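Colleague: Listed below, chain by chain, are the residues.
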Amino acid sequence: MHEIFVLAEHRQGELRDVTLEMLTLASQLDSKVTAVLLGSGMDAFASKLASFADRVLVVDDPMFANWNAINAQAALVALINKDKPHMVIVPNTGQGADVLASLALELGASFTSDIIGLALEGDKPVATRAYYGGKINGRIEFKDAELYMVGLREGAIPAAEGSKSGAIEKVDNPVAADATDRKFLDYEQPAIGDVDITQSTLLVSVGRGLREDKNMPMVEELAGLMGADVSGSRAVVDAGWLPADRQVGISGKTVKPKLYLALGISGAFQHVTGMKGADLVVAINKDPDAPIFQYADYGIVDDLLKVVPALIDKLKEMKG
Amino acid sequence: MNIVVCVKQVPDTSDPDTEVHIDGTGRGVDQSKFSFVINDADNYAVEEAILLKEKHGGEVTVVNIGSEAANQVIRMALAKGGDGAIRLDDEKFAGSDPVALARILQAGIKDLSCDIVMTGCLASDDGYGAVGVALASLMGLPHAAYVKTVEVLSDNKLKIGRELEGGLLEMDEIVTPCVLTIQTGGNEPRYASFKGIREASKKEIKVMDLPATGLSEDQVGEAGSVAVMVQYSVPEVGDLAEILEGDPGETAGKLAGILKDKGLV
Amino acid sequence: MSIEEGTFVQKYDLLGCIQCGRCTGGCPVTVRTPLNVRRFVYDTVDDDVLEELSEKPEIWDCTTCNTCAIRCPKGLEPFEVLLGLRAMRAEEGNIEPTAITALESMFNNGNPWGKPAAKRMDWAEGLDGVRILEEGEKADVLLHICCTAAYDPKIQPFVGKLITILNAAGVDFGLIGEEEKHCGSEARRLGEEGLFEYFDEENTELFGRYDVQRLVTLSPHCFNSFKNEYTNLSIPVLHYTQLIAELIEDGKLELSKEVATKVVFHDPCYLGKKNLVFDEPRYILSKIPGVETTEFFRSKERSLCCEGGGGKMWVESESKAPRLAETRVADAHDLGAQTIAVACPFCWLTIEDAIKAKGYEEEMQVKDILELLGEAL
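Chains as they are written, first to last, in my numbering: chain A, 1 to 320; chain B, 1001 to 1265; chain C, 2001 to 2377.
If you're looking for bench data, these hints aren't it; they were derived computationally from the structure. Worth double-checking, as some hints may not be accurate.
Subject to a maximum C-alpha distance of 20 Å in a straight line, what follows is the list of computed PhoX-like cross-link-like pairs (lysine-lysine) [stated by the list, open to error]:
(1) B/Lys1053 x A/Lys319
(2) A/Lys286 x C/Lys2257
(3) A/Lys258 x B/Lys1053
(4) A/Lys32 x A/Lys48
(5) C/Lys2056 x C/Lys2320
(6) B/Lys1203 x B/Lys1053
(7) A/Lys135 x B/Lys1033
Chain B side only, calculated, beta carbon under 8 Å to chain C, not exhaustive [as the list claims (entries may be wrong)]:
(8) Thr1025
(9) Val1029
(10) Ser1032
(11) Lys1080
(12) Phe1194
(13) Arg1198
Keep in mind the model is a prediction, meaning the values are calculated, not measured. Beta carbons are placed, not taken as given, at the ideal position from N, Cα and C, and that holds for glycine.
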């Protein structure tokens, strides 16, 4: 049975969800799944990963307290050369993408990045990638190699429940000296209270369908529950219900959230142009012919003043 | 501080009305209804390079792999403040994956002395986000991906901010020469006026084909790639929104379920 | 900065100004913004402060509605000074990101809307009677569609109406097709003189390829640029209202169906104040059976701008005061008008927004004259 290495990702004391997504994917490939955990003080994470992997390989050393591509690559090269897995999955994130190509080249691996699906056909992996902003998919085949590597897009594979009980194996840090060419300094949090909607992951965006200023708190409550920021159409900004820096559209900001929840926005193309980069668009509008539905993935034809309170209730229920 | 900045010309598929149609070969798309622009992240890389040049001196060289049509984006970068340009153009480069592309770029810039090589962190058409890091590896240089802020600390040291998920900045020190892949949003790309572009047309764009790079055919294109896209397909999604039916309680419930399934709440 | 000594003084005849203040006195945007155009005419005499003046945000508040020029007793065009300042900013590349997007699209795609040139004729899909001219082909009228009409789904239907009307009247006309380009009007108003000159050259060459008698535009903005700003265009230029008025007068267009509505005509600035075309649109409206017309208090030379021109589609004012289009809609409401008739894509878009903002959707509509004509045919 082939072995698959999965590079666990953690940051500021939290294991990131993409780790479980990668382990879920690896588990679907009929292989021995090894989670590789580089960090400092990793016992709790190791125990958690044990239920998602057949083996958890831990390098617990202060050198790995924070991400450093050079140190990580040196450690991974040593671990991979020793155990010779068939495949390595890294997250296609700020950490994984910081190391995937250089690690693969050093190891002579065949690799591709930002995959959304993966299968084994015989011994060889076949990957699915998204092209042109997700408008089409492509099938990726690899050149024959001893080792294959992929970077998995965050959120592409839903994480399953962990049903394994892998062994935790601590190994000595194989990296002799801390990197000098690149050093981690610290983290800087984005300014709080000063929302830059161009950087928002989730946006609840309101239009004229909100009808009155006094309905705004309802929208803010919904956004608060979702951890989303609030943006709006030109009409809403004009009306003074939102500050100008929350305006989406040609004369406002261009946004690229994972979710754009459009409430009472008709979808003039001057507006749509500003939100075209959103991954998922959900529109609530009482006009079934509103152009926004042409750009939405999901739509609800109804008054937002009725749907939003119901949605708030459902989300509260879900959160218990 | 000499900087090489790599730019790619891409179809502007961000327009909501842009349709992407797979062509007869199944391995390409119909490009006849596209408009072409500089890749978004590369535009920020150009601006970052020019800001550093304005502050610390040096030269900015614009490098591109593309046909003559790509002169458009090269000239815009030159108009903004680029000093010279190299365009790597050979039909044998077609089908290159990030490794082959990085190899071609490396061959194109090998004679330049530079302190920083910049690329955009991601191309909007194929989205690999791997060329810059591969290039660093081939050049034997340290690198950092998703760089949003760059500050010069000394002759051979930079302080950079890498943008991680959720907007968190990871601040690092990195020595030069190095390769940085630049994220969008860290600066405000300037406008290249038409007059400036016309002026920039006088600057030479050095064109290099495969023999000029010194590479062999099996190092570029599909032959030089480690992974190859063999077949496009259409993802299963409808054109119009899927309308959720029912009274407000039902539609809200369905929506909440969808958001939960997609990990958005 | 490459502004030469005394450039503004000479270019805009600044010393001809007597500082009477009629420009600012009539400027419609002064109710919304700190813009004082008289002050700019005064200050730009001093070359040393041009750079500083170009940094003032209010230079972008001007809608180039031409009111100041029409009121100037000395025949100056005060607002052109603001365009000169914008040009300094554009040349430095230091302009609003939204304006950059529009200008880059003009350069890359030949339109400001970020749409591929290859989709310029998509509006014609399924339409009969659309003839794309070949090089050297003969026609009486060369019809120029305009970027907004070609790409904005809300405006696209008017083009079809115009095609139907011209065919019904037996007009020998043809179109350029996908090669049609932006007129350059909005490029110039966003400060991009160089890009405007490019469109001047390109379009003049393009129009010269055909054996046509007249150039007819859908938008007053294209009309104005072709007619007044292009350097070497010799072909006569008409706005569509002029051509249609002529067709009605000559008995070539029969308007038979009743369109029962009370209409007030909103003069587009680039048709009215800029080119003094006041009568033709009103004549057309008077010939539509059933149409009852009324007039704004501020009409013709005194017409209130809708704020759609002057590059304002891409650069917002910071003001929170009601938009001029909202004032216009409120005035129309007071007059009991059911329809605000326009003859310009920008006017249509800004007034439609204003009707929504005022919550008058049930009581009134904005309609291009082409829509009313379509109903009457």
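Colleague: Run every hint past the structure and note whether it holds.
Modeller: Evaluated hints:
1. Taking the CA atoms of B/Lys1053 and A/Lys319, the gap is about 51 Å. The hint is violated against a cut of 20 Å.
2. A threshold of 20 Å between alpha carbons decides the hint, and for A/Lys286 with C/Lys2257 the separation of about 33 Å lies outside it, so the pair is violated.
3. Among the hinted pairs, A/Lys258 with B/Lys1053 is inconsistent with the structure: their alpha-carbon atoms are about 35 Å apart, more than 20 Å.
4. The suggested pairing of A/Lys32 with A/Lys48 holds, with an alpha-carbon distance near 17 Å, which does not exceed 20 Å.
5. Proximity of C/Lys2056 to C/Lys2320 is assessed by CA-CA distance (about 18 Å); at most 20 Å being required, the pair is judged to hold.
6. For a cut-off of 20 Å, the pair hint linking B/Lys1203 to B/Lys1053 stands: about 18 Å separates their Cα positions.
7. Pair hint A/Lys135 plus B/Lys1033 holds up; C-alpha atoms about 15 Å apart against a cutoff of 20 Å.
8. Using the Cβ-Cβ criterion of 8 Å, the hint placing B/Thr1025 at the interface with chain C is not satisfied: the shortest such distance is roughly 20 Å.
9. With a cut of 8 Å, the hint placing B/Val1029 at the interface with chain C is violated, because the nearest CB-to-CB distance is about 13 Å.
10. With its C-beta approaching chain C no nearer than about 6 Å, B/Ser1032 sits inside the 8 Å limit, and its interface hint holds.
11. About 7 Å separates the beta-carbon of B/Lys1080 from the nearest beta-carbon of chain C, less than 8 Å, and the hint is met.
12. The restraint placing B/Phe1194 at the interface with chain C holds, with a minimum CB-CB distance near 4 Å, inside the 8 Å limit.
13. A distance limit of 8 Å between C-beta atoms decides the matter here; for B/Arg1198 the minimum to chain C is near 7 Å, and the interface restraint holds.
Violation of the numbered hints given earlier is confined to hints 1, 2, 3, 8, 9; the remaining hints are satisfied by the structure.
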